[in-house]
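Q: Assembling the complex is the task here: the two chains are given apart, and the hints tell you how they should meet.
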Amino acid sequence: MTPLDFVVSLALISVAAGVLGSLIGLGGGVVIVPVLTLVYHVDIRLAIGASIVSVIATSSGAAAAYVRERMTNLRAGMFLEIATTTGALSGAYLTTVLPTRLLFVLFGIVLAYSAFATFRRRHVAAPLTVSDDRLANYFDLHGSYYDPAEGREIAYKVVGTTPGLGLMYVAGLVSALLGIGSGALKVPAMDSAMHLPMKVSSATSNFMIGVTAAASAGVYFVRGQIDPVIAAPVAAGVLLGATVGARVLGRITSKTVRLVFVVVLVVISLEMLQKGLLP
Amino acid sequence: MTESGRSSDASPSPPAEAPVREGVAGSGRRRQLSPEQAARMEEKIRRVELAISLVLRVGVLSSVAVIAVGLGLMFAHHSAYLPIRGHFSYRELTSTTTRFPHSFASLGRSIARGEGQGIVLLGVLILILTPVLRVAVGVISFLYEEDLPMAAVTLYVFVVLVGSFFLARA
Numbered sequence: 001m002t003p004l005d006f007v008v009s010l011a012l013i014s015v016a017a018g019v020l021g022s023l024i025g026l027g028g029g030v031v032i033v034p035v036l037t038l039v040y041h042v043d044i045r046l047a048i049g050a051s052i053v054s055v056i057a058t059s060s061g062a063a064a065a066y067v068r069e070r071m072t073n074l075r076a077g078m079f080l081e082i083a084t085t086t087g088a089l090s091g092a093y094l095t096t097v098l099p100t101r102l103l104f105v106l107f108g109i110v111l112a113y114s115a116f117a118t119f120r121r122r123h124v125a126a127p128l129t130v131s132d133d134r135l136a137n138y139f140d141l142h143g144s145y146y147d148p149a150e151g152r153e154i155a156y157k158v159v160g161t162t163p164g165l166g167l168m169y170v171a172g173l174v175s176a177l178l179g180i181g182s183g184a185l186k187v188p189a190m191d192s193a194m195h196l197p198m199k200v201s202s203a204t205s206n207f208m209i210g211v212t213a214a215a216s217a218g219v220y221f222v223r224g225q226i227d228p229v230i231a232a233p234v235a236a237g238v239l240l241g242a243t244v245g246a247r248v249l250g251r252i253t254s255k256t257v258r259l260v261f262v263v264v265l266v267v268i269s270l271e272m273l274q275k276g277l278l279p
Numbered sequence: 001m002t003e004s005g006r007s008s009d010a011s012p013s014p015p016a017e018a019p020v021r022e023g024v025a026g027s028g029r030r031r032q033l034s035p036e037q038a039a040r041m042e043e044k045i046r047r048v049e050l051a052i053s054l055v056l057r058v059g060v061l062s063s064v065a066v067i068a069v070g071l072g073l074m075f076a077h078h079s080a081y082l083p084i085r086g087h088f089s090y091r092e093l094t095s096t097t098t099r100f101p102h103s104f105a106s107l108g109r110s111i112a113r114g115e116g117q118g119i120v121l122l123g124v125l126i127l128i129l130t131p132v133l134r135v136a137v138g139v140i141s142f143l144y145e146e147d148l149p150m151a152a153v154t155l156y157v158f159v160v161l162v163g164s165f166f167l168a169r170a
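Going line by line, the protein sequences match chains P and E. Just so we're aligned: 168 in our numbering is position 168 of the first sequence, and the numbers increase by one with no gaps anywhere. Just so we're aligned: 24 in our numbering is position 24 of the second sequence, and the numbers increase by one with no gaps anywhere.
If you're looking for bench data, these hints aren't it; they were derived computationally from the structure. Fair warning: this is a prediction, and the values are worked out from it, not measured in the lab. All C-beta atoms in this analysis are idealised placements derived from N, C-alpha and C, irrespective of residue type, glycine included. Just to be clear, a hint being listed does not mean it is correct.
[Claimed, not checked] Pairwise CB distance ranges (calculated):
hint: 1; chain 1: P; residue 1: Glu153; chain 2: E; residue 2: Arg99; range: 51 to 59 Å
hint: 2; chain 1: P; residue 1: Glu150; chain 2: E; residue 2: Ala152; range: 43 to 51 Å
hint: 3; chain 1: E; residue 1: Leu148; chain 2: P; residue 2: Thr37; range: 46 to 54 Å
hint: 4; chain 1: P; residue 1: Tyr113; chain 2: E; residue 2: Arg109; range: 45 to 53 Å
hint: 5; chain 1: P; residue 1: Thr37; chain 2: E; residue 2: Ala105; range: 26 to 34 Å
hint: 6; chain 1: P; residue 1: Ala149; chain 2: E; residue 2: Leu61; range: 44 to 52 Å
hint: 7; chain 1: P; residue 1: His123; chain 2: E; residue 2: Ser34; range: 51 to 59 Å
hint: 8; chain 1: E; residue 1: Gly108; chain 2: P; residue 2: Ala125; range: 50 to 58 Å
hint: 9; chain 1: P; residue 1: Leu12; chain 2: E; residue 2: Arg99; range: 21 to 29 Å
hint: 10; chain 1: E; residue 1: Leu148; chain 2: P; residue 2: Val124; range: 29 to 37 Å
hint: 11; chain 1: P; residue 1: Arg122; chain 2: E; residue 2: Gly114; range: 52 to 60 Å
hint: 12; chain 1: E; residue 1: Leu61; chain 2: P; residue 2: Arg134; range: 37 to 45 Å
hint: 13; chain 1: P; residue 1: Tyr93; chain 2: E; residue 2: Ile111; range: 49 to 57 Å
[Said to hold, decoys possible] Calculated from the model, a selection of chain P residues having no Cβ within reach of chain E, i.e. all distances over 10 Å:
hint: 14; residue: Leu98
hint: 15; residue: Pro99
hint: 16; residue: Arg121
hint: 17; residue: Lys255
With the rest of the complex left out, here is chain E (with noise of 0.2 Å):
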């Protein structure tokens, strides 16, 4: 729905601003565009746009709906969470000798266990993912575009962003 209010608030605008544009393309960009040209390419990046916005709005809501319900099941687990005046303090819950998931085989263990610690960190692994999720659509939108400058270098920063998972299991 957002998308069909946008592009109508968006289609009276290239008019508006084709003498700015105009300007745009005359101080030595790759090819001169003409301004139909300029109209089109405006357009590609905008569907790059609300693609990469929808993975990050989706990833977002996702990860918040995951997350509510591991805190949800914490709660309702240790009945000790809760009271008000309880002998029971959240440091025990927050210091170096805490214990909770991390790594795979653990939170799998945790997650099939159905504690809320697990799916907690099930949602905080999704939020982390989103923006490696945004690259690989950033990819693949501009190769889909035909920008294949914007293309390599997406592709570039997937290549050591994914890298950079490996090496931190190493």
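Okay, chain P solo, but in the shape it has when bound (with noise of 0.2 Å):
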């Protein structure tokens, strides 16, 4: 294979990847690692740079859509990355303390419960109309937004602030620690802990991921991990498949956004117990 059609197919598959990943807000890094690994059989050190910048294409692309059509709930992602910063810095520390395989393990068993959750709540669409959370009335970050599937404004409030910011601070920790993207606990956190709307949780983690990402970004490229003809594809890519992504998510019913990303998270869950507990 030439390097012509590498940039030609690698851009391709960016575009669906990007599409996936703005639609859960997970970010690209869930295809582009196995593409770049599997298929291409690219060293895992240059696919996991690869992974970062796709999940900042995939987090910029689709916030500079969802935040403009008032999806993505500003106050609460700006709000909730006090704790996924908080986590990624403290990771960058602990990396050499904790072991690895025991945090695949548990990581998987974690995702794999998330993803049990995120099923069981997959009829429910009416969004809380009460709140008694006080950090959540202070800040203010109760929503609304304009659901084109729906066809009408749905306003929504915010419960359960606490476990959201626990577990956005081991979202944080874990994607510093396993070099994993953040979003498969971001979604959880909001759309099960905090009571958003599926879709507000989908837009809002991809506000969020970018920042996570941009944290670790610079190591990276230090480290050498970031190989321009790799880089470039995945880059334009993702950005072209986030922005039609953006376009589909309003359309959708948030049933279907739950199932989807269901089955990414299983997929994930399965990945992370592999790498945790075979040799």
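A: Here's what the structure looks like:
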């Protein structure tokens, strides 16, 4: 395969990764890492560098549209970033201390559970109308968004900021420790624990993952893990895909978003368990 | 152009959702808000949203443009990249021994020589800095809109983010 074939085919796959990543708020890394390592036999270190680029590209590409369309809960996103960035920072310190394999197993179990919790909530569409959460009320994290699929404005309340912050801290910690996208924990934290509507959870997770990834991107660049010939088609393709995906999210139902999310979550969870359990 | 189009879209919506908003204000917010105050607050958040959306769009578009130029130069400089049936495989560009800039000094030299690789990486760096810039704009917008709790929250995130960049270099 010539470099031209490589760049063109990887760019096309990246478009698909961008669409999927922006829809469920996970970033494109879920697709990019396995494709690069299994199909193109690229070294895992370079694949992870490309994955970080794809996460930032999905985040910024989709968030530009989501924020303008008020699908993102800007205040909740920025509030929860306190926990994700602190988690990412402490993760950078703990890398040498914590056993990675045990973490993979634990994380696999957590994700399997959140897939189950999300699946159980698949029919829940009605948002909360009251909240006695003091932090949410103080920072006024409640919001409303226009849902094109339902054709109306939907106002919602936020609860559970304390478990939400805790899960976000873990999300930041895990992404720094294991080098994997933290969206897999962010979406369930907002959907299941804080009761944000599923589409808002996905759009807000999208908004946040860019910041978490940017916090570790500097390290990857200095370590020489960002190879330009891989990064260029990935960044360009994912940005295009994320822009398309951001147009799709509004039009499909929350139930569809949840089901796609559950499938992807189960796949990641199995991948984590395999990394932790098999030699 | 989008801004004016958007604001005309948005202006009829507050009256329509006024009953919902009153319900929101009734359930233990910091202070009770009159409908006008609630509308003004909505307006403030809207301005922050538009500012952040603009930063993200400018960052994304400029990084794509720079990456495209760099990619074009990579292929133009190395004609061996192009042939469909060439003996030159992409593997030579993606192995662990492939050489490309990975420090700011070598990146600067590479760009100065007009190498495609360096220009692609410059575009990637613009992409990486976009979320950081987005947080910085958040701090400024919340300060400007006099939303001090949120300004403090965003400032904390910005400090941690910048701190992590310095940690990366150490």
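Q: Evaluate each hint against the coordinates.
A: Each hint, compared with the structure:
| no. | hint | verdict |
| --- | --- | --- |
| 1 | P/Glu153 x E/Arg99: 51 to 59 Å | holds, 55 Å |
| 2 | P/Glu150 x E/Ala152: 43 to 51 Å | violated, 36 Å |
| 3 | E/Leu148 x P/Thr37: 46 to 54 Å | holds, 47 Å |
| 4 | P/Tyr113 x E/Arg109: 45 to 53 Å | holds, 50 Å |
| 5 | P/Thr37 x E/Ala105: 26 to 34 Å | holds, 30 Å |
| 6 | P/Ala149 x E/Leu61: 44 to 52 Å | violated, 28 Å |
| 7 | P/His123 x E/Ser34: 51 to 59 Å | violated, 37 Å |
| 8 | E/Gly108 x P/Ala125: 50 to 58 Å | holds, 53 Å |
| 9 | P/Leu12 x E/Arg99: 21 to 29 Å | holds, 27 Å |
| 10 | E/Leu148 x P/Val124: 29 to 37 Å | holds, 35 Å |
| 11 | P/Arg122 x E/Gly114: 52 to 60 Å | holds, 54 Å |
| 12 | E/Leu61 x P/Arg134: 37 to 45 Å | holds, 41 Å |
| 13 | P/Tyr93 x E/Ile111: 49 to 57 Å | violated, 33 Å |
| 14 | Leu98 | holds, 17 Å |
| 15 | Pro99 | holds, 22 Å |
| 16 | Arg121 | holds, 23 Å |
| 17 | Lys255 | holds, 23 Å |
When held up to the earlier numbered hints, the structure conflicts with 2, 6, 7 and 13 and fits the remainder.
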